[in-house]
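Participant: Fit chain B to the supplied structure of chain A, relying on the hints for placement.
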Amino acid sequence: MDVPLDPAVRALRRAAARSLATRREALGAGMGLAALAAVAACAPPPPPAGGGLDIRALPADVSARDRTLRFSNWTAYLDLSEDAKTYPTLAAFEKRTGIDVAYAEDIDDNDTYFTKIAPQLRSRQDVGADLFVFTDWMINRLIRERLVAPLELLRMPNATHLLDTMKDAPFDPGRHFSLAWQGGFGGIGYNRRKLGRDLRSIEDLWADDLRGKVVAVSEFRDTAGLVMLAQGVDITGSFGKTEVENAFGEVEKRIADGHIRRIRGNSYLQDLKSGNALAGLVWSGDLFSLRAETGDDSWQFVLPDSGGTLWTDNVAVPVTSPRRRNAEALMNYYYDPAVAAQVAAYVTYVCPVRGAQEAMEKIDPALAKSPFVFPTDDFLRRHARVFRALDADEDAEYGARWAKVVGN
Amino acid sequence: MKRRTWLPYVLLAPGLAWLAVFYLAPLVQLASVSLQSPFPGYPGYYYRNVDVGNYVTALGSFGAHFGRSVLYAALATVFAFALAYPLAYAVAFKAGRWRNLMLVAIMAPFLTSFILRTIAWRQILADDGFVARTLGVLHLLPGERITETWVAVVAGLTYTFLPFMALPIYAGLERVDPRLIEAGTDLYAGAFTTFRTVTLPLSMPGVLAGTLLTFIPAAGDYVNAELLGSDTGTKMVGNVIESQFFRVLGGYPVAAALSIVLMGLILVLVGAYVRRFGTKELV
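Order-wise, the sequence lines are chains A and B. Following my numbering, the numbering of the first sequence begins with 1 at its first residue and continues without gaps. Following my numbering, the numbering of the second sequence begins with 1 at its first residue and continues without gaps.
The shape of chain A in the complex, shown without the other chains:
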């Protein structure tokens, strides 16, 4: 560019350039400092130290003077009044104990909810909940990482009503950290009318006329678990990488040849509803709500000949909560058979409370007979299996491999 000859103009221009430069430097320095501060502030939290959970490290319990409780749960997991304004059992609990419960339906996915709260939980900062609900494999991860507080079972006499089959959960033997909230089955769902026949085994799903019309849940412990059962693997026992890889390979093959249309979270229901899929590896409760919603009884749920999967959603107290005793009071309350029956009548998943079946007779005699809500020990022994708790390395390895199976 041409420099003007007038010295005054030249001087002015130099001054302007200098001031610009210093301004830029100042801004640069400021931004640099901010960046450094950001890095310094957010170091990843360290892994838990060895040994058991140090009970003394828990925050002091304030339940006696602070009569409040924050309960985070999944949607449609607590009985709702007909005008959809109150939760009758919860209102009764508040009245009886004087504990004010802030109930939030803010969990809709194990992974996303855990990822959201994990950084705070690991650095022992409040996560906005005194009680939360996770599926068994995720609560397994939390117990393993010592992110949930031990329960004082003496303060929860009703906890003895927990079904025997759920007492010695592989992820929490003796139930020192969690109680089952609800359970459910993984199995085969299909439309009998559209299909014109019944499905009984995983092999039935691979029939030629179902090509591209099969969906499956994105939870590998259910989808691959069902395939493993069909392959004769005991999913409760000491299977390893080979067995898992065999099942993943089978699923991979069925995706590649277009037989499985799509693997999804709960939204596979839309595919069944729209007719894009006629059958699938699904969760029991979903199929029952689909049946209720569409008023179409031809939607069937069966546990395959080779067995279905049984999972539980478990309620636990985060290590960061100072209201453990209020939380325990609530858990104890929901293990009262009469209360549990009221909840089960609404959510229609597997009720984990012994005695609730008798209480259900008075509310809904038909539901009281359903083996998918009140399975007998014998029914469970013959038809359902619980996927064994994975250790940290398996959990990470299989999870990463499964992500590849579904195209990520």
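No lab work stands behind these hints: they were computed from the structure. Some hints could be false.
Said to hold, decoys possible - Result set (EDC-like, lysine to aspartate or glutamate): computed pairs, CA atoms no more than 20 Å apart in a straight line:
#: 1; chain 1: A; residue 1: Lys-362; chain 2: A; residue 2: Asp-336
#: 2; chain 1: A; residue 1: Lys-167; chain 2: A; residue 2: Asp-336
#: 3; chain 1: A; residue 1: Lys-241; chain 2: A; residue 2: Asp-393
#: 4; chain 1: A; residue 1: Lys-273; chain 2: A; residue 2: Asp-286
#: 5; chain 1: A; residue 1: Lys-273; chain 2: B; residue 2: Glu-226
#: 6; chain 1: A; residue 1: Lys-404; chain 2: A; residue 2: Glu-394
#: 7; chain 1: A; residue 1: Lys-194; chain 2: B; residue 2: Glu-144
#: 8; chain 1: A; residue 1: Lys-194; chain 2: B; residue 2: Asp-128
#: 9; chain 1: A; residue 1: Lys-273; chain 2: B; residue 2: Asp-128
#: 10; chain 1: A; residue 1: Lys-116; chain 2: B; residue 2: Glu-242
#: 11; chain 1: A; residue 1: Lys-404; chain 2: B; residue 2: Glu-226
#: 12; chain 1: A; residue 1: Lys-404; chain 2: B; residue 2: Glu-242
#: 13; chain 1: A; residue 1: Lys-273; chain 2: B; residue 2: Glu-144
#: 14; chain 1: A; residue 1: Lys-253; chain 2: A; residue 2: Asp-209
#: 15; chain 1: A; residue 1: Lys-253; chain 2: A; residue 2: Asp-208
#: 16; chain 1: B; residue 1: Lys-94; chain 2: B; residue 2: Glu-174
#: 17; chain 1: A; residue 1: Lys-95; chain 2: A; residue 2: Asp-79
All figures in this text were calculated on a predicted structure; none of them were measured in a lab.
Facilitator: Chain B in isolation, oriented as in the chain A frame:
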């Protein structure tokens, strides 16, 4: 005169503070996370490191996803342009008293959630729906379905970002002085020649803005591939980032590395594009 020197700083301070806290700090944090290493024996925990292995994984294992992101976004940009230009032209020059109504119609979909609209597309394109049936009868549907194919993903992206293409082009065309177009006619240019030599070049700033506003978010989109695409074969980078971040235990650093690579890739592509098609007029 002296007072003036601090005034710009004061005026800039809120904006700069905003940028520092909500733009620069997260970006630096993202870069730092992308270099972390998994803590041995504790999946899901990390320690600070300079681990370029995350970038090797990002590029090595997910190259196809990057390819799809760029390809689908480019296709969606081309289709959106083809649909939006005539639309914007009509609104700018031919709509008369309908102009405002048409503009509202273009923007109206924004009033509903983008996720809901994409889910609605799954219903529209369902096997038993009108579109799939018609195409099936005409033997134009080789795979016997539209959803769970790349066609649905590109169609979804095109639909989602159409307004981002149409509005800047409209704004560009609206600024064109009609007398220049008249002058073209006066000089015996045919309608097409006038369009090619006068209208189109004058609307280029709008076209350029529109293509950028479509391509950049489309390349980072994951909702369309998630809801309309299949498991293997149509997933884009956004889907992998989501999966690595939320679902793969210990996938944080790889998710961060993928984000940085995607950002760099888009920056390079857009840089080359803008350089090629130049834009002194681009505001």
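Participant: For every hint, state whether the structure bears it out.
Facilitator: Here's how the hints hold up against the structure:
1. Under the criterion of a C-alpha separation no larger than 20 Å, the hint pairing Lys-362 of chain A with Asp-336 of chain A is consistent with the structure, at around 15 Å.
2. Taken as a hint, the Lys-167 of chain A and Asp-336 of chain A pair is honoured in the structure, with Cα atoms around 16 Å apart against an allowance of 20 Å.
3. Between Lys-241 of chain A and Asp-393 of chain A the alpha-carbon distance is near 11 Å, which keeps this suggested pair within the 20 Å criterion.
4. Restraint check for Lys-273 of chain A and Asp-286 of chain A: the C-alpha separation of about 12 Å stays at or below 20 Å, so the hint holds.
5. For a cut-off of 20 Å, the pair hint linking Lys-273 of chain A to Glu-226 of chain B stands: about 18 Å separates their Cα positions.
6. A hinted pair counts as satisfied when its Cα atoms are at most 20 Å apart, and Lys-404 of chain A with Glu-394 of chain A qualifies at roughly 15 Å.
7. At most 20 Å may separate the alpha-carbon atoms for a hinted pair to count; Lys-194 of chain A and Glu-144 of chain B meet this at roughly 18 Å.
8. Proximity of Lys-194 of chain A to Asp-128 of chain B is assessed by CA-CA distance (about 13 Å); at most 20 Å being required, the pair is judged to hold.
9. Between the alpha carbons of Lys-273 of chain A and Asp-128 of chain B the distance comes to roughly 11 Å, so the proposed pair stays at or under 20 Å and holds.
10. Between Lys-116 of chain A and Glu-242 of chain B, the direct Cα distance comes to roughly 13 Å. Compliance with the 20 Å bound is thereby established for this hinted pair.
11. This hinted pair checks out: Lys-404 of chain A and Glu-226 of chain B have alpha carbons roughly 15 Å apart, not beyond 20 Å.
12. Restraint check for Lys-404 of chain A and Glu-242 of chain B: satisfied, since their Cα atoms lie roughly 13 Å apart, inside the 20 Å limit.
13. At most 20 Å may separate the alpha-carbon atoms for a hinted pair to count; Lys-273 of chain A and Glu-144 of chain B meet this at roughly 18 Å.
14. Taking the CA atoms of Lys-253 of chain A and Asp-209 of chain A, the gap is about 17 Å. The hint holds against a cut of 20 Å.
15. Between Lys-253 of chain A and Asp-208 of chain A the CA atoms are separated by roughly 15 Å; this keeps the pair inside 20 Å, and the hint holds.
16. In summary, the hint linking Lys-94 of chain B to Glu-174 of chain B is supported, as the alpha carbons are separated by about 11 Å, within the 20 Å threshold.
17. Between Lys-95 of chain A and Asp-79 of chain A the alpha-carbon distance is near 16 Å, which keeps this suggested pair within the 20 Å criterion.
Going through the hint list in order, the structure satisfies each hint without exception.
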